[in-house]
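J.: Each protein sequence line maps, in turn, to chains A and B.
According to the numbering used here, the first sequence holds residues 1 to 104 in order.
According to the numbering used here, the second sequence holds residues 1 to 334 in order.
To be clear, the hints were calculated from the coordinates, so they are not data collected in a lab.
Ideal Cβ positions, reconstructed from N, Cα and C, are used throughout, including at glycine.
Worth double-checking, as some hints may not be accurate.
In silico contact screen, one side only, chain B against chain A (beta carbon under 8 Å); selected entries [what the hints assert, rightly or not]:
#1 6
#2 7
#3 9
#4 10
#5 56
#6 58
#7 86
#8 179
#9 223
#10 224
#11 225
#12 242
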Amino acid sequence: MNRPQRNTAIVWRHEAGRERELLAAQQQGEDISEGGTVILVHQGTMHQLNLLGGEIWLRCDGERSLEQIINELAGEYEVDRGELEQDVRDFVADLEQRGWLIDG
Amino acid sequence: MADANMGLLSAPLTFNWTLSYRCNFSCSHCYSREEQAAELGTADIKRIVDILAAKKIPFINFGGGEPLIREDLFEIAAYAAEQGLNVSMNSNGWLVDADNASRLAAAGFKSVGISIDSAEASLHDEFRCMPGSFVRAVAALDHLRRAGIRTTMSAVISRINYRNFRDILDLAREHDVSQVYLHNFKCSGRGFKNREELDLDPGEWKAFYLEALEVKNSTDTPAISFDDPVIASLPGYDADPLVKGSSCGKLSLHLRPNGDITPCGFIPLVVGNILNQDFDEIWNGSDVLQKMRNKEARGKCAGCSSYGDCLGGCTARAFATTGDFSEPDPHCWK
Ligand code: SF4
Ligand code: SF4
Numbered sequence: 001m002n003r004p005q006r007n008t009a010i011v012w013r014h015e016a017g018r019e020r021e022l023l024a025a026q027q028q029g030e031d032i033s034e035g036g037t038v039i040l041v042h043q044g045t046m047h048q049l050n051l052l053g054g055e056i057w058l059r060c061d062g063e064r065s066l067e068q069i070i071n072e073l074a075g076e077y078e079v080d081r082g083e084l085e086q087d088v089r090d091f092v093a094d095l096e097q098r099g100w101l102i103d104g
Numbered sequence: 001m002a003d004a005n006m007g008l009l010s011a012p013l014t015f016n017w018t019l020s021y022r023c024n025f026s027c028s029h030c031y032s033r034e035e036q037a038a039e040l041g042t043a044d045i046k047r048i049v050d051i052l053a054a055k056k057i058p059f060i061n062f063g064g065g066e067p068l069i070r071e072d073l074f075e076i077a078a079y080a081a082e083q084g085l086n087v088s089m090n091s092n093g094w095l096v097d098a099d100n101a102s103r104l105a106a107a108g109f110k111s112v113g114i115s116i117d118s119a120e121a122s123l124h125d126e127f128r129c130m131p132g133s134f135v136r137a138v139a140a141l142d143h144l145r146r147a148g149i150r151t152t153m154s155a156v157i158s159r160i161n162y163r164n165f166r167d168i169l170d171l172a173r174e175h176d177v178s179q180v181y182l183h184n185f186k187c188s189g190r191g192f193k194n195r196e197e198l199d200l201d202p203g204e205w206k207a208f209y210l211e212a213l214e215v216k217n218s219t220d221t222p223a224i225s226f227d228d229p230v231i232a233s234l235p236g237y238d239a240d241p242l243v244k245g246s247s248c249g250k251l252s253l254h255l256r257p258n259g260d261i262t263p264c265g266f267i268p269l270v271v272g273n274i275l276n277q278d279f280d281e282i283w284n285g286s287d288v289l290q291k292m293r294n295k296e297a298r299g300k301c302a303g304c305s306s307y308g309d310c311l312g313g314c315t316a317r318a319f320a321t322t323g324d325f326s327e328p329d330p331h332c333w334k
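If we strip away everything but chain A, and leave its shape as in the complex, we get (with noise of 0.2 Å):
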C-alpha cells in the first residue's frame, strides 16, 4: 500500500484528552497499551486505536506515502527505527485487509 487513506465509511473521532493523559501516564513509566486515542465506529461496532495506532490514522490521508509517515513518527518516537517501520507495515496491513485502510 503506497498511500494509505481512511476508508470514508468509518466514523471516526480524535480523542486529544485522552491523548494527553495517556502521554502524561507513559511519562510516569505506567502500560499505556490499552488506552485509545482514536475512537473508530465501523457498521456499529466500535473500536479504538492505542496512542501509535493513532498517530499512524491520523496521517492516513492518502497524500502522504507510507514511507513518509515512516519518516514522521521515527522524528516523533525515540524508538529503533526497523521496530518502528515493521510496527507501522504491520498495523497498517492489518487496517487494510480489515477495509478501514485503503491505497489512496
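Based on the hints, put chain B with the ligands in the right spot on chain A.
T.: This is chain B with the ligands only, laid out in the frame that chain A set:
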C-alpha cells in the same frame, strides 16, 4: 474529583434525541407516554445541531415519541447531515410510506429503525394497541429499503416475545434488515407500570440471553445487538466494549424536546440544558453523570467476580427500582 473523568471521551458518540413526545401510538411498554415537554422550534433545533457538530458528535438518533410527527423532521435531518452528522431514527413505521421513505433518503438518513415486537401480527398490534400496525411496520421496512436506506429493527424483549425471538430474526432476514436490536426491558414510564405483566424474572432473562447470545454468535444476517450490560457475565459474551457497564453518560446522552439533557431516555434526571449552558461543563461537571460513571459495588455486586465487566448492570433499572445508581440491576440472576 480530578480523576473522576479519567479516560472520559471529549463528548458522547451518540445523542438519542427526542424531538417530541407526541406519538400516534400508545404502546404498553413505552417509557414516554406520560412525559410532556415544550417542543423547540426549527431554528432552536438547528442551533442544537450546530452545537453537536462543533463538539464532533458523530451520531444522532431521533426517537421519542414518533419522529415523523414533526413535519420539520426532514429539514432538521438534512441540516444535520450537511454538517457531517450521521442521522438515524426509530419509528413505529406507520407513517413511512413510499413517499416518506424517499423523503427520508433525500434528507440523508443513514439508517432507519422500525419497532416490531413480534413476528405475529396480532400480538404486535395488540401490544402496540394499534390494529394494522404490524402490516404497516413491515411495509415500512420494504419502502425504506427500496429508497436505499439501511434498515434496522427494534424489539423490546418482554413476556410476549422472549420465547419467539427467532421468529423476529427470521422476519428481519426476509426483509433484508441489517441489524436487529433486542432491547432489554426498562422499568420506566408505562414499562414500569406494566412490569408485573411484561417483565421477565432474572432466571428467565439469563436463559433468554444465553440462547440469544448463541444465536448472535452464529449469524451476521442480521447482526444482533443487545444494549444490556448485565450480560457481561455470561459465556458467549466476548465483546471488548469501549466502556464497561451502562454506556449512557459515557458514550451517549439523551435530549428532551426542550433541549434538556438526561443521561438516557430512561433516567429522568436533567443534567443541564444544551441551549442555555455550556456543553463541556455539563459533560465534564455534572454530579449525576460523574456518579453514574463512578458507581460503587453495593449489595450482591460487592464481591461479585463479574463486577469489573458488568459494573452492576443497567443503571437506569437500578435507579428506577431503588433510587440508587449503584444498587444491583434488578434483572441480575446472580
Ligand atoms: S414505544 Fe414508540 S410507538 Fe409506542 S407509544 Fe412509545 S413512542 Fe410511540
Ligand atoms: S451481582 Fe452485580 S456485578 Fe454481579 S453480575 Fe449481578 S449486577 Fe453484575
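J.: Determine for every hint whether it applies to the structure shown.
T.: Hint check:
no. : hint : verdict
1   : 6    : 7 Å, holds
2   : 7    : 7 Å, holds
3   : 9    : 6 Å, holds
4   : 10   : 5 Å, holds
5   : 56   : 5 Å, holds
6   : 58   : 5 Å, holds
7   : 86   : 6 Å, holds
8   : 179  : 6 Å, holds
9   : 223  : 7 Å, holds
10  : 224  : 11 Å, violated
11  : 225  : 7 Å, holds
12  : 242  : 5 Å, holds
Hint violations for this structure: number 10 only, all remaining hints satisfied.
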